[in-house]
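With chain A fixed as given, assemble chain B onto it according to the hints.
Going down the list, the protein sequences come from chains A and B. 1 is the number of the first residue of the first sequence in the working numbering; add one for each residue after it. 1 is the number of the first residue of the second sequence in the working numbering; add one for each residue after it.
It is worth saying that the hints were derived from the structure and are not from the lab. Wrong hints could be hidden among the right ones.
[Unchecked claim] Listed below are the simulated DSS-like cross-link pairs for lysine-lysine, each with C-alpha atoms no more than 30 Å apart in a straight line: (1) K61(A) - K51(A); (2) K16(A) - K66(B); (3) K70(B) - K61(A); (4) K16(A) - K70(B).
Bear in mind the structure is a predicted one, so any value in this text is a computation, not a measurement.
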Amino acid sequence: MFNTNDVLETVNMIEKEHLDIRTITMGVSLLPCINGTAEKTAKSVYDTVCKKAENIVKVAKDLTLEYGIPIVNKRVSVTPASLVCAPFAEKSALIGKALDDAANTVGIDFIGGYSALVHKGMSDYEKQFILSIPEVLASTERLCSSINIGSSKSGINMDAVKLMGGIIKKTAENTAESGGFGCAKLVVFCNAVEDNPFMAGAFHGLGESGTVINVGVSGPGVVQHAIESIPQADLSDLAEMIKRTAFKITRAGQIIAREAAKRLNAEFGIVDLSLAPTPARGDSVAAILEEMGLESVGTHGTTACLAMLNDAVKKGGVMASSRVGGLSGAFIPVSEDIGMIEAAARGTLKIDKLEAMTAVCSVGLDMIAVPGDTTASTISAIIADEAAIGMINNKTTAVRIIPAPNKKVGDEVNFGGLLGRAPIMAVHNESAEKFISRGGLIPAPIHSNKN
Amino acid sequence: MRAVLTVVGKDKTGIISTISTFLAERNVNILDISQTILQDYFAMIMLVDVSRSAIELARLSEECTKLGDKIGMSIHVQHEEIFNAMHNV
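Isolated chain A (complex conformation) (with noise of 0.2 Å):
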């Protein structure tokens, strides 16, 4: 028989703390459906992702119900996009309407994969179909895009960076009615991974088998109990004991996983532990680190705590499952956590204390809402930012930055649901257009060179 606490331990997190699984994605390679011309292509895409995924929703209603653990998001990722669309690059546009329209055929929440890795450089039909993004972006729903624009191993593609400044703005304009939003399904990394389960940045790598299951498991509100518990411990103590919560929180994905996987006819990828935070209150990363000392995020100490709490969270991973991937460890969505929003409302939590935050836990500056007039310049040196901390830190960074069209410091955009509100958080208006100009690439970093 089971020991009651612990029993009751795993009812309590459920139904009051938020532990959920948050994703199960299905990756799915799209290389077979490569066929002559767009049209066939994007029909056999269509197939293909549709014959795959198409039960992908009755299991994890199942799954919910047999293990008694919400499973919010089911959704697909695919080979990226621009591989597939090489051959017809300039109608790149019908792959992601096709990959749209299986989405919303399955019923899954979100598709990934319409992608580009372009980290070393851009070939004419990977340039072709970066441009068809913001179009794409604005007619369809369900669709997320990514782009890869430098690694550790091969530098920062500054061309790349230059033309996705463009991009955002021109995906934030293309859906200016909906305060930006095609911009909240577009993620540019450096380094990034190819079994990640989480939205927008999830695609299929290429070292992946033909199908496979990813569970992306979340649990902030868990963690904060579980340091609630301890409210005179020694920061050792609180390590230990965010530690041993990862490690009941990724066994639970385990087992989702697994069982997913069997049931889908799919291999069994990795579990991405990550604190992903949803706008709700008691599921935030801010509350654990306010809950861990500070008086709100954003001020001296949020660096080294969400330092130790991202550290933390990976060692209880590792400990419970041996295919732990993914991005594992805390994540920092501006607009998707409750105490993160308020923090930015009140001028608490600015955008370069985010960029050092990034250094020390997973991804990057995420859900971020800047002006509408910050120019393609800037975004591109935010970017070039972002990335080089992931460069010379071996670490996967990204950037998700909303534009808001026609708004200013002191708004707010609201997108509803999981993607929450988000503040317009200032940017430095002194340029550097003439550093994001030059183009070319920034070298790989000496530490690179191991072979």
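What follows is chain B alone, placed relative to chain A:
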């Protein structure tokens, strides 16, 4: 296959009887029971065998939630594996 059924709520008469009748009607066998009272709250944990259950675990889970709503208790039934995984190294 075994599952863990938990019942949490304000203590009152007849909880065990209601639950065990409900389970017997669905051919779910009770293997073990433990219960505690935490402050005013009643918490019962049952280990049940659902291998000969008349309905699938997912449906049993839905029905338990409904029964819980009816009698004003929180009732969950979950595959035992989840507890093994979370609480054993």
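Verification of the supplied hints:
About 18 Å separates the Cα atoms of K61(A) and K51(A), which keeps this hinted pair within 30 Å; it holds. For the proposed pair K16(A) and K66(B), the alpha carbon gap of about 19 Å is at most 30 Å, so the pair holds. Under the criterion of a C-alpha separation no larger than 30 Å, the hint pairing K70(B) with K61(A) is consistent with the structure, at around 23 Å. The hinted pair formed by K16(A) and K70(B) meets the criterion: a straight-line CA distance of about 21 Å does not exceed 30 Å.
Comparing the model with each numbered hint stated earlier shows that all of them hold.
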